[in-house]
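Engineer: Going line by line, the protein sequences match chains Y and P. Heads up: the first sequence begins at 1 in the numbering used here, then just goes up one per residue. Heads up: the second sequence begins at 1 in the numbering used here, then just goes up one per residue.
Hints were generated in silico from the structure; no laboratory data involved. Among the hints, erroneous ones may be present.
Below, computed lysine-lysine pairings styled on DSS-like, alpha-carbon distance capped at 25 angstroms [to be verified]:
id: 1; chain 1: P; residue 1: Lys273; chain 2: Y; residue 2: Lys133
id: 2; chain 1: Y; residue 1: Lys102; chain 2: P; residue 2: Lys252
id: 3; chain 1: P; residue 1: Lys252; chain 2: Y; residue 2: Lys55
id: 4; chain 1: Y; residue 1: Lys133; chain 2: P; residue 2: Lys145
id: 5; chain 1: Y; residue 1: Lys133; chain 2: Y; residue 2: Lys154
id: 6; chain 1: P; residue 1: Lys252; chain 2: Y; residue 2: Lys106
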Amino acid sequence: MANLKLTDIAKTYGGTVNVLNNINLDIQTGELVVFVGPSGCGKSTLLRMIAGLEKISAGTLEIDGQVVNDIPPAQRGIAMVFQSYALYPHMTVRDNMSFALKIAGKPKAEIDATIERVAKTLQLGELLDRLPKALSGGQRQRVAIGRSIVRNPKVYLFDEPLSNLDAALRVATRLEIAQLKESMPDSTMVYVTHDQVEAMTLADRIVVLANKGIAQVGTPLELYESPQNEFVAQFIGSPAMNLFPGKVIGTGDVTSLRLDGGGLITSDVPTTDEDMGLTVNVGVRPEDMLITEVENWVMECTVNIIEALGDVTVLYFDSLEGQAPWIAKLPGIHNGLRGQSVRLTATPAKVHLFHNGQSLLYR
Amino acid sequence: MHPALQGILTIAFGVGGCVGYFYLSNIILDHAIFPARGTHIARNIRRANIVRPWLFLLPALLALGLYLAYPVFETLRLSLTERVPGGGSVFVGLDNYKQMLGEDKFWEALQNNFLWLLVVPAGATAFGLLAAQLTDRIAWGNLAKSLIFMPMAISFVGAAVIWKLVYDARPPGAEQIGVLNAIYIYYGGDEAQQWLTIPFWNSFFLMAVLIWIQTGFAMVILSAALRGVPEDTIEAAIVDGANPFQIFFRIKMPQIMGTIVVVWTTITIVVLKVFDIVFAMTNGQWQTQVLANYMFDKLFRANDWGVGSASAMVIMLLVSPILIWNVYNARKEMR
Numbered sequence: 001m002a003n004l005k006l007t008d009i010a011k012t013y014g015g016t017v018n019v020l021n022n023i024n025l026d027i028q029t030g031e032l033v034v035f036v037g038p039s040g041c042g043k044s045t046l047l048r049m050i051a052g053l054e055k056i057s058a059g060t061l062e063i064d065g066q067v068v069n070d071i072p073p074a075q076r077g078i079a080m081v082f083q084s085y086a087l088y089p090h091m092t093v094r095d096n097m098s099f100a101l102k103i104a105g106k107p108k109a110e111i112d113a114t115i116e117r118v119a120k121t122l123q124l125g126e127l128l129d130r131l132p133k134a135l136s137g138g139q140r141q142r143v144a145i146g147r148s149i150v151r152n153p154k155v156y157l158f159d160e161p162l163s164n165l166d167a168a169l170r171v172a173t174r175l176e177i178a179q180l181k182e183s184m185p186d187s188t189m190v191y192v193t194h195d196q197v198e199a200m201t202l203a204d205r206i207v208v209l210a211n212k213g214i215a216q217v218g219t220p221l222e223l224y225e226s227p228q229n230e231f232v233a234q235f236i237g238s239p240a241m242n243l244f245p246g247k248v249i250g251t252g253d254v255t256s257l258r259l260d261g262g263g264l265i266t267s268d269v270p271t272t273d274e275d276m277g278l279t280v281n282v283g284v285r286p287e288d289m290l291i292t293e294v295e296n297w298v299m300e301c302t303v304n305i306i307e308a309l310g311d312v313t314v315l316y317f318d319s320l321e322g323q324a325p326w327i328a329k330l331p332g333i334h335n336g337l338r339g340q341s342v343r344l345t346a347t348p349a350k351v352h353l354f355h356n357g358q359s360l361l362y363r
Numbered sequence: 001m002h003p004a005l006q007g008i009l010t011i012a013f014g015v016g017g018c019v020g021y022f023y024l025s026n027i028i029l030d031h032a033i034f035p036a037r038g039t040h041i042a043r044n045i046r047r048a049n050i051v052r053p054w055l056f057l058l059p060a061l062l063a064l065g066l067y068l069a070y071p072v073f074e075t076l077r078l079s080l081t082e083r084v085p086g087g088g089s090v091f092v093g094l095d096n097y098k099q100m101l102g103e104d105k106f107w108e109a110l111q112n113n114f115l116w117l118l119v120v121p122a123g124a125t126a127f128g129l130l131a132a133q134l135t136d137r138i139a140w141g142n143l144a145k146s147l148i149f150m151p152m153a154i155s156f157v158g159a160a161v162i163w164k165l166v167y168d169a170r171p172p173g174a175e176q177i178g179v180l181n182a183i184y185i186y187y188g189g190d191e192a193q194q195w196l197t198i199p200f201w202n203s204f205f206l207m208a209v210l211i212w213i214q215t216g217f218a219m220v221i222l223s224a225a226l227r228g229v230p231e232d233t234i235e236a237a238i239v240d241g242a243n244p245f246q247i248f249f250r251i252k253m254p255q256i257m258g259t260i261v262v263v264w265t266t267i268t269i270v271v272l273k274v275f276d277i278v279f280a281m282t283n284g285q286w287q288t289q290v291l292a293n294y295m296f297d298k299l300f301r302a303n304d305w306g307v308g309s310a311s312a313m314v315i316m317l318l319v320s321p322i323l324i325w326n327v328y329n330a331r332k333e334m335r
């Protein structure tokens, strides 16, 4: 029910320690935007600045067209779900959920009606008179979500809401959040996570944060298919994208490259004549690597380790010295490849080119 | 012998004796009684390990038994006997208790004790909580805390002397030094008052001393408890729109209620046993008598060990349930 506009937002601690710079972002009404990034990248800090729990050092934050930099959290029209749930341990589920409404001085009948309605949608009806300590992790998180829903906020903020849950519950709760979003199409949500699966599955758009700034903003598949830089390329997707050092040896709509290992590869990324001889990193996702018998192979290398997962098989190869091992992810089961030498290639559409860490696609 | 030398020798003898006891008894246990060799080596080691805790606890158990457990029973016995002239004593049943219950001074002491019980734990806990909260987030909070905690390091008698000066009143004409009288006269009082001789209110002047001492204790414990309140719940309350008062009374305080109860009951026990302050400041005159001072009066001034012991038993009966509750709560907090 509201859009968010972040302009040149920065965060500095104690005047010297700078953690975020030049954050510019437009979040549309009804969007679910996920902040993702490695730990310490400032994604939680950014969320807490939106919430009003951290002071904004520079720049402006607008919610619904109103600058809210100096407006206290409660009046920003936001609700927050914390990683640790942050339920009030001495209050029953009902009291936890009604606390904000009581503080706001809402009439009792209205509070009761709201609680009943929200409890019903979240299946908390039978838990209303329990204390948080008598709830399971998943139930606690549902109460925390319920506590934010009853306030009917303009913007929902989620701070790693699933990271305290075990793996199975995490998947279930992720689906619940997706359904919740579905049922409230007008509500804007900002979601912080370090888990890229959560980011890919939940987000309308993902904001990748790194090096004190935004590395890329885009839909999950944009980030996957055309990453702007090596950081995003390697952060999104698992296992991470392979990077092979090489040189441009043919330019045009299709670029030809020679890898430092000796192999040849072509990419659909267009280049100009000036790019001839440019040193680049050639990026290929492990799932885009193909075993081939043809002559036009990219590289020939020995399988070092095999991880058979059933649906896929992950092969680890010896790489150039001082580099992470190259990885290929093949569908299905492949036995007996260990120690074998195989030839690998990739279709030109799936080959990314990076120069100085930036994608040549975005010049 | 020089007293200092005597002191050092005593310390050396005491510490050396302790170390020697633990060391030698352990050796005897391991080598002479249950040697860790031979055919029953496993059994011997197991048995030695069962005996060892008792061996090490023995001195403490003996000392506690001698100085705590035995006196309880001896006091009970004394409270049921009366000294006869020329030595010896006779069993008199509950006569001592009857005599005590007939004395106005005893009822005055009991009444005052209850008054102390209502005021001092509440006051000390409230001020301690206030100090803990207010000093938590300021730069010079630790300095303030040290100052508030300092009275804890002063003996009750020392504190009583300090506060006696605060309440001091000199004869009319002489130069006044009492701070309370200075304040009183500044705000329009006519002449210096003998504060400690004004019944009913003088008890409160005595209570102020104990509150002054115990506030530091309450503050330190409650400050630690407040820091244990999860920051997330406070931030959630901020997002929920609670103001600082609501956060304090509705989010923080309920979460440390267990600790508050422990602090409250601990101070209650101190209050029930209060003696030094009353002894040093009024000695129970002007209707400020309390049970412990009453007991002292009977036991050591009137030499009436029967009634004195009876009043000691009353104090113990009053303290015990609170002590049990205190231990129960403290254990619950630790879990």
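Engineer: Each hint: holds or not?
Structural biologist: Cross-check of the supplied hints:
1. Lys273/P x Lys133/Y: Violated, at about 39 angstroms.
2. Lys102/Y x Lys252/P: Roughly 17 angstroms separates the two Cα atoms, so the pair holds.
3. Lys252/P x Lys55/Y: holds, 23 angstroms
4. Lys133/Y x Lys145/P: violated, 34 angstroms
5. Lys133/Y x Lys154/Y: Roughly 30 angstroms between the alpha carbons, so the hint for Lys133/Y and Lys154/Y is violated.
6. Lys252/P x Lys106/Y: Holds, at about 23 angstroms.
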